[in-house]
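Undergrad: Below, each chain spelled out in residue letters.
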Amino acid sequence: MTVRVQAEPFDAGAELNAFAQGRTDIGAVVSFTGVVRDTQGDLQEMLIEHYPGMTTRAIATIADEAVARWALADVLVIHRYGPLKPGEPIMMVATASAHRAAAFEAADFLMDYLKSRAPFWKKEVTAQGASWVDAKDADEDALRRW
Amino acid sequence: MTVRVQAEPFDAGAELNAFAQGRTDIGAVVSFTGVVRDTQGDLQEMLIEHYPGMTTRAIATIADEAVARWALADVLVIHRYGPLKPGEPIMMVATASAHRAAAFEAADFLMDYLKSRAPFWKKEVTAQGASWVDAKDADEDALRRW
Amino acid sequence: MNVVYFAWVRERIGLPQETVETGAATVKDLIAELSAREERYAAAFADISALRVALDQELSDFDAPLDGVREVAFFPPMTGG
Amino acid sequence: MNVVYFAWVRERIGLPQETVETGAATVKDLIAELSAREERYAAAFADISALRVALDQELSDFDAPLDGVREVAFFPPMTGG
Numbered sequence: 397m398t399v400r401v402q403a404e405p406f407d408a409g410a411e412l413n414a415f416a417q418g419r420t421d422i423g424a425v426v427s428f429t430g431v432v433r434d435t436q437g438d439l440q441e442m443l444i445e446h447y448p449g450m451t452t453r454a455i456a457t458i459a460d461e462a463v464a465r466w467a468l469a470d471v472l473v474i475h476r477y478g479p480l481k482p483g484e485p486i487m488m489v490a491t492a493s494a495h496r497a498a499a500f501e502a503a504d505f506l507m508d509y510l511k512s513r514a515p516f517w518k519k520e521v522t523a524q525g526a527s528w529v530d531a532k533d534a535d536e537d538a539l540r541r542w
Numbered sequence: 397m398t399v400r401v402q403a404e405p406f407d408a409g410a411e412l413n414a415f416a417q418g419r420t421d422i423g424a425v426v427s428f429t430g431v432v433r434d435t436q437g438d439l440q441e442m443l444i445e446h447y448p449g450m451t452t453r454a455i456a457t458i459a460d461e462a463v464a465r466w467a468l469a470d471v472l473v474i475h476r477y478g479p480l481k482p483g484e485p486i487m488m489v490a491t492a493s494a495h496r497a498a499a500f501e502a503a504d505f506l507m508d509y510l511k512s513r514a515p516f517w518k519k520e521v522t523a524q525g526a527s528w529v530d531a532k533d534a535d536e537d538a539l540r541r542w
Numbered sequence: 086m087n088v089v090y091f092a093w094v095r096e097r098i099g100l101p102q103e104t105v106e107t108g109a110a111t112v113k114d115l116i117a118e119l120s121a122r123e124e125r126y127a128a129a130f131a132d133i134s135a136l137r138v139a140l141d142q143e144l145s146d147f148d149a150p151l152d153g154v155r156e157v158a159f160f161p162p163m164t165g166g
Numbered sequence: 086m087n088v089v090y091f092a093w094v095r096e097r098i099g100l101p102q103e104t105v106e107t108g109a110a111t112v113k114d115l116i117a118e119l120s121a122r123e124e125r126y127a128a129a130f131a132d133i134s135a136l137r138v139a140l141d142q143e144l145s146d147f148d149a150p151l152d153g154v155r156e157v158a159f160f161p162p163m164t165g166g
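Sequence order for the protein chains is Y, U, A and X.
So the first sequence is numbered by the working numbering: it starts at 397 and just counts up by one.
So the second sequence is numbered by the working numbering: it starts at 397 and just counts up by one.
So the third sequence is numbered by the working numbering: it starts at 86 and just counts up by one.
So the fourth sequence is numbered by the working numbering: it starts at 86 and just counts up by one.
Each hint should be verified, as a subset may be incorrect.
Chain X regions said to be covered by chain Y (calculated; three or more residues, Cβ under 8 angstroms) [to be verified]: (1) 86 to 94; (2) 132 to 145; (3) 155 to 166.
Calculated directly from the structure, the hints in this document are not laboratory data.
Just so we're clear, the structure is a prediction, and the values are computed from it rather than from any experiment.
Each residue gets a CB set at the ideal place from its N, CA and C atoms; glycine is no exception.
Based on the provided sequences and hints, a complete structural model is requested.
TA: Encoded structure:
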């Protein structure tokens with residue numbers, strides 16, 4: 397299991413290729429990449445704040461839970477903080493398993509929990525000013541699927 | 397939408413990075429990579445046969461269905477045929493959407509349908525001989541989820 | 086009519102494709118006609134629940150009419166992905 | 086006790102962290118104590134349903150005891166991913 401919380405950009409393709417490489421016991425790799433989305437066409441920057449003392453441990457706890465629930469060969473989580481531009485990757489998750497259902501479900505689960513249980517906060521900066529992104533009820537509801 | 401059926405290897409990481417690049421209207425990219433799995437530790441080769449006249453069209457029909465059902469910014473499907481070694485990527489699917497639920501569900505849907513409705517057949521070659529991989533009831537059952 | 090075979094159906098029949106002159110009205114009629122021809126066809130078509138058929142590159146079923154069809158394909162359930 | 090604030094809680098209170106001398110028994114007691122202190126705290130803690138709390142870097146709840154806790158963090162619901 398690999399968990400990285402970093403200000404630096406990452407190369408999602410290179411991470412995907414390095415993930416679970418050389419393993420012949422896996423049949424399925426699922427990746428999720430979260431990208432800075434410019435909903436209104438006016439986003440200058442996305443600022444991501446986090447809680448340094450808690451972040452890595454909170455993510456590792458979520459990843460441990462995924463490993464306990466699904467037969468995973470490996471798990472990768474990378475999450476950035478700091479200022480990001482529209483179109484840049486914010487974070488990625490990857491799961492590897494013998495079978496596709498486990499890889500899909502575990503990646504979906506990780507995303508739902510990272511979204512609402514890992515201490516990150518997004519702030520959108522536009523010409524009109526800066527505003528914190530509100531958590532969505534749908535994100536909290538999504539946790540009940542698991 | 398991109399659909400490619402090819403004998404040549406592909407670089408899953410490079411494909412992921414090229415996919416939906418420069419788009420600022422997407423927030424979520426999901427990829428699935430299918431890998432040749434050596435279940436018993438004795439696999440020499442996986443041979444993938446396909447029906448050339450039908451394959452690309454069958455995949456495009458499945459991808460069209462995904463685009464009709466989910467709000468997708470883009471879809472990628474690559475599937476190889478011919479001889480493959482353990483650990484090599486067989487195929488990949490990628491979906492891009494504004495939101496993560498659509499990207500996850502569409503990729504999951506594409507995989508279920510490609511598995512059972514695109515004309516590919518796998519044959520495993522071991523020291524003991526060669527045998528066709530049987531379709532699983534679970535794969536047919538998976539289609540009823542959608 | 087062009088008839089094509091894939092995977093173990095191809096191996097059992099011993100050829101990837103052939104041109105068949107037939108008046109068969111449906112896929113089932115064509116199967117009966119081929120099965121009567123030689124043992125290897127009868128063996129390949131013994132259990133049609135283990136087979137799939139495509140007509141002109143579209144998945145179809147065994148009761149489908151062959152009128153106007155140019156290519157019939159027989160194969161086992163797909164195992165791609 | 087170290088008290089840390091994130092996102093708009095940090096902005097409303099006007100500082101990222103501070104050391105607080107307190108005898109508060111629970112998180113709620115600490116909130117009441119801080120809110121009584123200055124208007125900016127009262128504003129940040131006005132609606133605790135819009136807040137989350139972590140004790141020593143673990144998500145907790147507002148009724149949790151503070152006995153032995155070294156760091157309390159207040160922040161809005163997370164929006165990562």
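Undergrad: Among all the numbered hints in the text so far, which are the ones the structure does not match?
TA: Nothing - there is no hint that the structure violates, so all of them hold.
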